[in-house]
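Chemist: Chains Y and U, in that order, are what the protein sequence lines are.
The opening residue of the first sequence carries number 630 in this note's numbering; numbering runs sequentially from there.
The opening residue of the second sequence carries number 23 in this note's numbering; numbering runs sequentially from there.
Check each hint, because a few of them may be wrong.
As the list claims (entries may be wrong) - As a list, the in silico DSSO-like pairs of lysine-lysine whose alpha-carbon atoms are at most 30 Å apart:
id	chain 1	residue 1	chain 2	residue 2
1	U	Lys239	Y	Lys764
2	Y	Lys728	Y	Lys702
3	U	Lys185	U	Lys33
4	Y	Lys728	Y	Lys743
5	Y	Lys635	U	Lys143
6	Y	Lys702	U	Lys143
7	U	Lys143	U	Lys83
8	Y	Lys788	U	Lys143
9	Y	Lys650	Y	Lys635
10	Y	Lys650	U	Lys143
11	Y	Lys728	U	Lys239
12	U	Lys143	Y	Lys764
13	U	Lys143	Y	Lys728
14	Y	Lys702	Y	Lys635
15	U	Lys170	Y	Lys728
16	U	Lys170	U	Lys185
As the list claims (entries may be wrong) - Calculated Cβ distances over 12 Å to all of chain U for the following chain Y residues:
id	residue
17	Phe646
18	Asp686
19	Gly689
20	Ser741
21	Glu751
22	Gly771
23	Pro801
24	Val804
25	Gly805
26	Asp809
27	Met828
28	Arg832
29	Val847
30	Leu868
No lab work stands behind these hints, which were simulated from the structure alone.
Small disclaimer: the values here were computed from a predicted structure and weren't measured.
Every residue, glycine too, gets a C-beta built ideally from N, C-alpha and C.
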Amino acid sequence: MGVLIKLEGVCKSFGDFQALKGIDLEVTEGEVVCVIGPSGSGKSTLIRCINLLEQYDVPGQITVDGIPVQKGKNLSAVRAEVGMVFQNFNLFPHLTILKNIMLAPMRVRGTSDKDAAQRARELLQRVGIAEQADKYPTQLSGGQQQRVAIARALAMEPKVLLFDEPTSALDPEMVGEVLDVMKKLAHSGVTMIVVTHEMGFARQVADRVIFMDEGQVVEQGTPGNIFDTPTEARTQNFLRAVLDH
Amino acid sequence: MNIFDTFLNGKVFIETLPLLLSGLSITLQLGVVSIIGGLFFGLFAALIHIYGMTPFRIMMKAYIDIFRSIPLLVLLIIVYYALPFVGISLSPFAAAATALILVAAAYTAEIFRAGIEAIPKGQFEASEALGLSYRHMMVDVILPQATKIVIPPLTNNCINVMKDTALASVVAMPDLLKQATQAQALSANPTPLISAAVIYIIMLWPMVQMVSRLERKFKVEDR
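Extracted from the complex, chain Y is given alone in its bound form (with noise of 0.2 Å):
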C-alpha cells in the first residue's frame, strides 16, 4: 500500500498564533488515523489544511496522490479526492436528502442525473436511513443529518474521508448510531483521518493514534501504545485527565 497523504513542515498561523509549527506525517492507504488533543491543539487546521479550506503557510508541503495541494487548477481534482464530514454537518439545507447527496457527482464527475440517484439511495441504504431520502435536512435528528453528510462525502467515491469532530455537535444518544457507521467504513478499507474526542471510537477502530497538543505531534503509535503505555508527560497528562471521570 502506497502513501496517499503526505504532509512536510506544515506550519500554519493565524496572526501571531501559530496553530501549527511543523507537522510531517504520511498516511497510506487503507489505514485509519484518530487524531486526538486538547482543544486548541491544532487537531482541526491540521485535517483542514488538507484540502485547503485552511491555507498553510509557506514554504509546508501536502501532497494528496501526488498531487501537490495548492491553489489552481488542481485545487477541485484534489478536493475531489477527499471527502470531509464536519462537526456541524452542513448539509444544503434547500435541497432533499437524495440531492444533498448527488450535487456534487452530477456537478464535478459530471454523472446522470439516474446514475447519481442510483448511488445515492445505494449510500442512504448503507448509512441505514434509505427510506429518509425525501426529506429535508431540517427533518432528521443530528445522528441521521450526520450520517446523510457521511453519504453525501462518501458519493464522490474520495481517496480518503477527513471527519472533522464528527459526533461533537450530537446530543449523546446519537453518538452511537454515527460511531457505527464510521466503524463500519473503516473496516471497509477506506482511508480515514478522523479527529475525535471519542477515545473508545480511537482504541477500537484506528490503526494508528496521533496525539497533538499546541500545533505539534507530540507522540504518535497503535492505540495500544498511546491508551496503554504513553511515554510523553503531556499525553499521560490529557489521557488522565479525559479518561478518569
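Chain Y is already provided as a structure; the job is to place chain U on it using the hints.
Modeler: Frame of chain Y, contents of chain U only:
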C-alpha cells in the same frame, strides 16, 4: 361644482382614460426594464463587491455608495440634460431607464450582499470540500438560499422602482403621471390626476401585500 364633479368627474374620466392607459403602458415598460436591469447589474455588483479583486471591490463599493446617496431626480436630470454636453444624447425613455437602473442596481447589490453574507460559512466550506467549482457553489448552493432571504427586500425595491418611474415625467417622458398632467390641462379638471393615483395604488398594492406575506412565510419556515 361639487366635490364629485371636481375630483371624480365621470365624463372627464372616460374621455381621458385612453391617454392614461397609454401612459400606464410606458410606465410599465420603464418599470420592468429598470427592475430587470437593476437585478442583473445589482447581482453582478454584489458578487464583485464580495469576491472580486481588491481594486474592483473598491470600485464597486464606491459605485454602490455613490448611487445610494444621489437623489434619483438629480441623477435623472444630469443624465438627460447634462450628458448631451459631452455628446451623449439619450431619449427620455433611455435616460430614465439608465438613471433608474443605476440606482436600483446599487440598492439591489446591497440586498444581495446582505443575503449572501447571511449564508453560514459551513455552506461554502461543504461546497468547496466536495470539489464544486465557484460557479456551481454559487448557482447550486449559495444563491438559492440567499434568494429566499432577499426576496422580500427585493420586492420592496421593485415597488420603489415602479414608484420612481413617475420621476421620468420631468424629462418629458409620456408616462402615466405625465399623461395625467396633460389630460388635466386639456380638460381643466383634476380627475385624471386622481385616476392616475388610483392606478398606481391598484398596481402596487398587491406587491406590497406580497412582501408582507413572504416575510411572514419565511419567518415561519425558519422556525
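Chemist: It remains to establish, for every hint, whether it holds in the given structure.
Modeler: Verification of the hints:
As the CA atoms of Lys239 (chain U) and Lys764 (chain Y) are separated by approximately 20 Å, the hinted pair is consistent with the 30 Å bound. Under the criterion of a C-alpha separation no larger than 30 Å, the hint pairing Lys728 (chain Y) with Lys702 (chain Y) is consistent with the structure, at around 26 Å. Taking the CA atoms of Lys185 (chain U) and Lys33 (chain U), the gap is near 27 Å; set against the 30 Å cutoff, the hint holds. At roughly 12 Å between alpha-carbon atoms, Lys728 (chain Y) and Lys743 (chain Y) fall within 30 Å of each other, so this suggested pair holds.
The hinted pair formed by Lys635 (chain Y) and Lys143 (chain U) meets the criterion: a straight-line CA distance of about 27 Å does not exceed 30 Å. Of the pairs offered as hints, the one joining Lys702 (chain Y) and Lys143 (chain U) holds, with about 23 Å between alpha carbons and a cut-off of 30 Å not exceeded. The straight-line distance between the Cα atoms of Lys143 (chain U) and Lys83 (chain U) is roughly 22 Å, inside the 30 Å bound, and the hint therefore holds. A hinted pair counts as satisfied when its Cα atoms are at most 30 Å apart, and Lys788 (chain Y) with Lys143 (chain U) qualifies at roughly 25 Å.
Restraint check for Lys650 (chain Y) and Lys635 (chain Y): satisfied, since their Cα atoms lie roughly 16 Å apart, inside the 30 Å limit. Pair hint Lys650 (chain Y) plus Lys143 (chain U) holds up; C-alpha atoms about 26 Å apart against a cutoff of 30 Å. Of the pairs offered as hints, the one joining Lys728 (chain Y) and Lys239 (chain U) holds, with about 24 Å between alpha carbons and a cut-off of 30 Å not exceeded. Between Lys143 (chain U) and Lys764 (chain Y) the CA atoms are separated by roughly 23 Å; this keeps the pair inside 30 Å, and the hint holds.
Proximity of Lys143 (chain U) to Lys728 (chain Y) is assessed by CA-CA distance (about 20 Å); at most 30 Å being required, the pair is judged to hold. Restraint check: the Cα-Cα separation between Lys702 (chain Y) and Lys635 (chain Y) comes to about 20 Å, which is no more than 30 Å; the hinted pair holds. The straight-line distance between the Cα atoms of Lys170 (chain U) and Lys728 (chain Y) is roughly 18 Å, inside the 30 Å bound, and the hint therefore holds. Distance hint between Lys170 (chain U) and Lys185 (chain U) is fulfilled; the C-alpha atoms sit about 24 Å from each other, no more than 30 Å.
With a least beta-carbon separation of about 19 Å from chain U, Phe646 (chain Y) lies farther than 12 Å from that chain, consistent with its non-interface assignment. Remark: the non-interface label on Asp686 (chain Y) is consistent with the geometry, its nearest Cβ contact in chain U lying 19 Å away (cut-off 12 Å). Gly689 (chain Y), annotated as away from the interface, keeps every beta carbon of chain U farther than 12 Å; the closest lies near 20 Å. Residue placement check: Ser741 (chain Y) keeps its beta carbon more than 12 Å from all beta carbons of chain U (closest about 16 Å).
At roughly 18 Å from the closest C-beta of chain U, the C-beta of Glu751 (chain Y) stays outside 12 Å, upholding its exclusion from the interface. For Gly771 (chain Y), the requirement that its beta carbon stay farther than 12 Å from each beta carbon of chain U is met, with the minimum near 14 Å. The claim that Pro801 (chain Y) lies off the interface holds: its Cβ sits roughly 22 Å from the closest Cβ of chain U, which is beyond the 12 Å cut-off. With 12 Å as the threshold on Cβ separation, the claim that Val804 (chain Y) sits away from chain U holds: the shortest Cβ distance comes to roughly 20 Å.
For Gly805 (chain Y), the requirement that its beta carbon stay farther than 12 Å from each beta carbon of chain U is met, with the minimum near 24 Å. The claim that Asp809 (chain Y) lies off the interface holds: its Cβ sits roughly 23 Å from the closest Cβ of chain U, which is beyond the 12 Å cut-off. The claim that Met828 (chain Y) is not at the interface with chain U holds, since no C-beta of that chain comes within 12 Å of its own (minimum 26 Å). Annotated as non-interface, Arg832 (chain Y) keeps its C-beta farther than 12 Å from every C-beta of chain U; the closest such distance is 28 Å.
For Val847 (chain Y), the requirement that its beta carbon stay farther than 12 Å from each beta carbon of chain U is met, with the minimum near 27 Å. Distance check for Leu868 (chain Y) against chain U: the nearest CB is about 31 Å away, which clears 12 Å, and the non-interface claim stands.
The structure is consistent with each of the numbered hints, conforming to all of them.
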